[in-house]
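Enquirer: All chains, full assembly: derive it from the sequences and hints.
Line by line, the protein sequences give chains A and B. Each residue of the first sequence is one higher than the one before, starting from 325 at the first, in this note's numbering. Each residue of the second sequence is one higher than the one before, starting from 325 at the first, in this note's numbering.
Simulated from the structure, these hints should not be mistaken for lab results. Be a bit skeptical, because a hint or two may be false.
Note: identical chains are not told apart, hence a pair may lie in one copy or across any two.
[Said to hold, decoys possible] List of simulated lysine to aspartate or glutamate pairs, EDC-like, C-alpha gap at most 20 Å:
1) K734 / D419
2) K402 / E686
3) K338 / E391
4) K438 / D331
5) K438 / E733
6) K734 / D511
There are 2 protein chains.
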Amino acid sequence: MTESVLDYMTRLGKGARAASRVLARATTAQKNIALQAAAEALDKARDELLAANRLDLENGRANGLDEAMLDRLALSTKRVDEMIEGLRQVATLPDPIGAIRDMRFMPSGIQVGKMRVPLGVVGIIYESRPNVTIDAASLCLKSGNATILRGGSEAIHSNRAIAVCIQQGLATAGLPAACVQVVETTDRAAVGALITMPDYVDVIVPRGGKGLIERISRDARVPVIKHLDGICHVYIDQAADLDKAIRIADNAKTQRFAPCNTMETLLVHEGIAAQVLPPLAQIYREKGVELRGCARTCTLLGNAVLAASEEDWATEYNAPILSIRLVDSLDEAITHINRYGSQHTDAIVTENFTDARRFLTEVDSSSVMVNASTRFADGFEFGLGAEIGISTDKLHARGPVGLEGLTSEKYVVFGDGHVRT
Amino acid sequence: MTESVLDYMTRLGKGARAASRVLARATTAQKNIALQAAAEALDKARDELLAANRLDLENGRANGLDEAMLDRLALSTKRVDEMIEGLRQVATLPDPIGAIRDMRFMPSGIQVGKMRVPLGVVGIIYESRPNVTIDAASLCLKSGNATILRGGSEAIHSNRAIAVCIQQGLATAGLPAACVQVVETTDRAAVGALITMPDYVDVIVPRGGKGLIERISRDARVPVIKHLDGICHVYIDQAADLDKAIRIADNAKTQRFAPCNTMETLLVHEGIAAQVLPPLAQIYREKGVELRGCARTCTLLGNAVLAASEEDWATEYNAPILSIRLVDSLDEAITHINRYGSQHTDAIVTENFTDARRFLTEVDSSSVMVNASTRFADGFEFGLGAEIGISTDKLHARGPVGLEGLTSEKYVVFGDGHVRT
Numbered sequence: 325m326t327e328s329v330l331d332y333m334t335r336l337g338k339g340a341r342a343a344s345r346v347l348a349r350a351t352t353a354q355k356n357i358a359l360q361a362a363a364e365a366l367d368k369a370r371d372e373l374l375a376a377n378r379l380d381l382e383n384g385r386a387n388g389l390d391e392a393m394l395d396r397l398a399l400s401t402k403r404v405d406e407m408i409e410g411l412r413q414v415a416t417l418p419d420p421i422g423a424i425r426d427m428r429f430m431p432s433g434i435q436v437g438k439m440r441v442p443l444g445v446v447g448i449i450y451e452s453r454p455n456v457t458i459d460a461a462s463l464c465l466k467s468g469n470a471t472i473l474r475g476g477s478e479a480i481h482s483n484r485a486i487a488v489c490i491q492q493g494l495a496t497a498g499l500p501a502a503c504v505q506v507v508e509t510t511d512r513a514a515v516g517a518l519i520t521m522p523d524y525v526d527v528i529v530p531r532g533g534k535g536l537i538e539r540i541s542r543d544a545r546v547p548v549i550k551h552l553d554g555i556c557h558v559y560i561d562q563a564a565d566l567d568k569a570i571r572i573a574d575n576a577k578t579q580r581f582a583p584c585n586t587m588e589t590l591l592v593h594e595g596i597a598a599q600v601l602p603p604l605a606q607i608y609r610e611k612g613v614e615l616r617g618c619a620r621t622c623t624l625l626g627n628a629v630l631a632a633s634e635e636d637w638a639t640e641y642n643a644p645i646l647s648i649r650l651v652d653s654l655d656e657a658i659t660h661i662n663r664y665g666s667q668h669t670d671a672i673v674t675e676n677f678t679d680a681r682r683f684l685t686e687v688d689s690s691s692v693m694v695n696a697s698t699r700f701a702d703g704f705e706f707g708l709g710a711e712i713g714i715s716t717d718k719l720h721a722r723g724p725v726g727l728e729g730l731t732s733e734k735y736v737v738f739g740d741g742h743v744r745t
Numbered sequence: 325m326t327e328s329v330l331d332y333m334t335r336l337g338k339g340a341r342a343a344s345r346v347l348a349r350a351t352t353a354q355k356n357i358a359l360q361a362a363a364e365a366l367d368k369a370r371d372e373l374l375a376a377n378r379l380d381l382e383n384g385r386a387n388g389l390d391e392a393m394l395d396r397l398a399l400s401t402k403r404v405d406e407m408i409e410g411l412r413q414v415a416t417l418p419d420p421i422g423a424i425r426d427m428r429f430m431p432s433g434i435q436v437g438k439m440r441v442p443l444g445v446v447g448i449i450y451e452s453r454p455n456v457t458i459d460a461a462s463l464c465l466k467s468g469n470a471t472i473l474r475g476g477s478e479a480i481h482s483n484r485a486i487a488v489c490i491q492q493g494l495a496t497a498g499l500p501a502a503c504v505q506v507v508e509t510t511d512r513a514a515v516g517a518l519i520t521m522p523d524y525v526d527v528i529v530p531r532g533g534k535g536l537i538e539r540i541s542r543d544a545r546v547p548v549i550k551h552l553d554g555i556c557h558v559y560i561d562q563a564a565d566l567d568k569a570i571r572i573a574d575n576a577k578t579q580r581f582a583p584c585n586t587m588e589t590l591l592v593h594e595g596i597a598a599q600v601l602p603p604l605a606q607i608y609r610e611k612g613v614e615l616r617g618c619a620r621t622c623t624l625l626g627n628a629v630l631a632a633s634e635e636d637w638a639t640e641y642n643a644p645i646l647s648i649r650l651v652d653s654l655d656e657a658i659t660h661i662n663r664y665g666s667q668h669t670d671a672i673v674t675e676n677f678t679d680a681r682r683f684l685t686e687v688d689s690s691s692v693m694v695n696a697s698t699r700f701a702d703g704f705e706f707g708l709g710a711e712i713g714i715s716t717d718k719l720h721a722r723g724p725v726g727l728e729g730l731t732s733e734k735y736v737v738f739g740d741g742h743v744r745t
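Expert: Written as structure tokens, this is what we have:
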């Protein structure tokens with residue numbers, strides 16, 4: 325193209341800002357029609373989608389993408405089914421926009437409350453998985469936000485084919501095409517432009533590896549909803565039920581190794597360690613999990629465990645490796661988690677009410693759990709319908725981010741000619 | 325001091341982080357005792373406070389501070405009374421921390437809800453007014469946040485004297501001294517350090533001139549809750565009640581000229597302009613307000629009004645100057661506000677339900693009002709008890725920021741040994 329990348333991105337930004345004004349006042353019915361029509365369009369365009377995806381996969385192989393990357397990139401009939409189902413589910417979620425709450429009379433006579441509103445324009449930067457295009461577009465659309473989607477260059481043909489279907493949905497509902505825009509250039513400068521246009525973009529949601537997210541957070545001139553590390557803990561309290569403890573510590577580590585909500589460090593009260601650790605070590609051994617323990621864990625488990633280094637406590641393995649530490653008290657467990665954790669998801673296994681209550685209050689993480697596996701930390705499991713990401717930040721949205729995280733609230737004031745004196 | 329500014333600020337940061345853990349689990353009673361005891365200490369230390377303040381005023385005069393600055397800096401018996409009353413009012417506000425809402429059962433059997441928690445450590449950077457020291461410290465304390473306060477160097481003696489009283493309050497309640505720390509150095513490098521310590525500071529709230537806030541927003545490596553411009557509008561709809569329109573347009577401009585929520589541009593529907601503008605122009609003339617109008621306003625009001633330039637629509641005067649524009653429709657008014665406004669506070673005067681509803685929905689500002697003066701946009705008037713500032717950002721807190729804006733919510737999950745399948 326003869327247009328510069330900056331000019332191109334500015335054009336997208338201006339279009340998105342204008343579309344966001346229309347979308348902010350779109351009816352719930354309009355938004356749902358767009359989502360349902362996009363689902364139908366996807367269903368009818370299966371051949372085109374798979375053909376576009378094959379092109380991406382061929383290019384990916386030619387460019388030497390590894391198998392894990394190719395797997396994330398690949399669309400199957402099942403994955404297209406899931407995208408269609410995802411659109412329909414978002415259509416059935418309650419519309420958060422326009423809800424007014426807590427209109428209360430003040431001593432002055434004015435009535436004050438809050439109205440939920442869209443953020444405006446959301447920029448999404450992501451890698452490989454084409455289904456993110458649907459997840460992001462559908463959540464943003466339902467929450468009344470215009471979206472600019474910048475997927476990985478390796479998925480460009482798939483993303484373009486998906487975008488065509490979304491455009492059909494928007495057209496059916498009479499909504500502007502610029503409500504959802506896919507960045508058509510694979511030039512990396514497009515990302516740099518997208519994250520530095522505060523006039524046209526209200527928030528950036530990066531999804532991908534830690535390197536990408538750190539780079540974007542550092543360079544962005546607009547707010548970023550982000551997720552960095554997932555160093556999650558399970559703490560088996562002295563008052564834990566043995567059966568629940570084993571079940572949860574097993575599931576939190578072994579159900580899947582790669583996700584961010586998988587346990588990386590197991591903390592065990594020394595008063596229950598001799599009962600709970602040997603059977604757990606047996607399970608981990610059978611499932612091929614390498615154990616790295618503190619000195620006391622090593623003494624207890626012998627050669628079933630390697631010695632953990634200081635670095636282990638601060639490491640997100642995303643792999644079949646688990647660090648284990650014995651603690652003398654709940655206080656020590658909480659201190660460990662607040663020091664080494666990533667404020668993502670941490671669980672206590674206990675039958676003791678007071679210990680549970682203290683853990684919930686004092687562990688400073690986006691999701692805190694009692695007697696449940698850390699693997700539940702997920703927008704779908706939390707009832708959000710879907711998620712655009714998980715935030716490990718404290719401001720705005722914390723934990724799994726669904727429709728509400730893509731909105732804000734403004735104050736609404738009703739008067740009858742009231743003036744301030 | 326022999327310690328470098330960076331070392332000093334790091335020490336404050338570490339102390340604040342440790343204190344924030346204690347404060348996060350402090351009881352409501354403890355926090356209220358600290359606030360009440362600080363109020364008593366202030367009451368007993370009136371002589372010391374006024375002496376310290378006299379020193380600041382003398383230095384300020386010697387350093388050539390202007391009268392407005394000296395006025396903001398000065399403590400009077402009345403202002404000390406207000407600080408004491410402010411502390412007592414914050415003590416009476418409900419404690420937001422620990423509130424759990426919406427615990428709902430999910431299909432998996434887990435129960436999921438949200439718990440309100442402190443942000444952690446709040447850094448406040450402000451100028452001259454010593455009362456901000458009390459407002460900020462009390463709101464942060466009540467919301468369970470440790471605070472690092474960096475007031476203007478011109479108020480250093482006053483702020484230190486106030487800090488002594490706050491420390492007495494903390495000690496009475498058995499809370500760590502580092503819950504509230506006043507930066508003791510007037511070295512400007514202290515600000516640079518404070519806004520670039522994400523490990524120790526969770527959010528920065530700058531209060532002061534636009535230059536200060538822009539500089540801090542640009543350089544900060546931690547989130548900033550900020551307020552930039554206050555270009556507020558009143559739109560007099562065709563269906564306005566004349567009496568209410570005149571009362572509100574008068575009050576919004578003339579009750580005080582300097583505040584951020586004062587009206588800067590008056591928009592008037594052309595169908596009502598001939599009725600409402602002449603009497604309003606008369607009022608403004610009597611109150612010494614300079615009028616700058618669009619061409620049609622000039623035609624209507626003659627030599628009572630100067631010609632407005634394009635720049636006027638985008639200017640926050642903070643002065644007895646008002647720009648006036650006639651519009652042909654509600655749409656034109658909304659478009660003008662969304663284009664030239666600062667997303668702060670905008671009001672419509674109308675008796676028409678549909679126009680009011682559209683204005684509330686489509687004007688993208690932190691406070692939107694029907695038949696009330698923009699001057700009401702204020703934490704106290706909105707029932708927040710007090711405010712730490714007004715946010716013109718969309719993420720996290722929008723509009724007047726009170727206790728809730730200094731908190732976040734984390735997910736809470738209850739299970740009974742639940743694992744993910």
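Enquirer: All hints are to be evaluated individually against the structure, with a verdict given for each.
Expert: Evaluation of the provided hints:
no.	hint	in the structure
1	K734 / D419	within (16 Å within a copy, 22 Å between copies)
2	K402 / E686	neither (42 Å within a copy, 40 Å between copies)
3	K338 / E391	neither (38 Å within a copy, 45 Å between copies)
4	K438 / D331	neither (37 Å within a copy, 43 Å between copies)
5	K438 / E733	both (6 Å within a copy, 18 Å between copies)
6	K734 / D511	neither (37 Å within a copy, 38 Å between copies)
Checked against the numbered hints given earlier, the structure breaks hints 2, 3, 4, 6 and satisfies all the rest.
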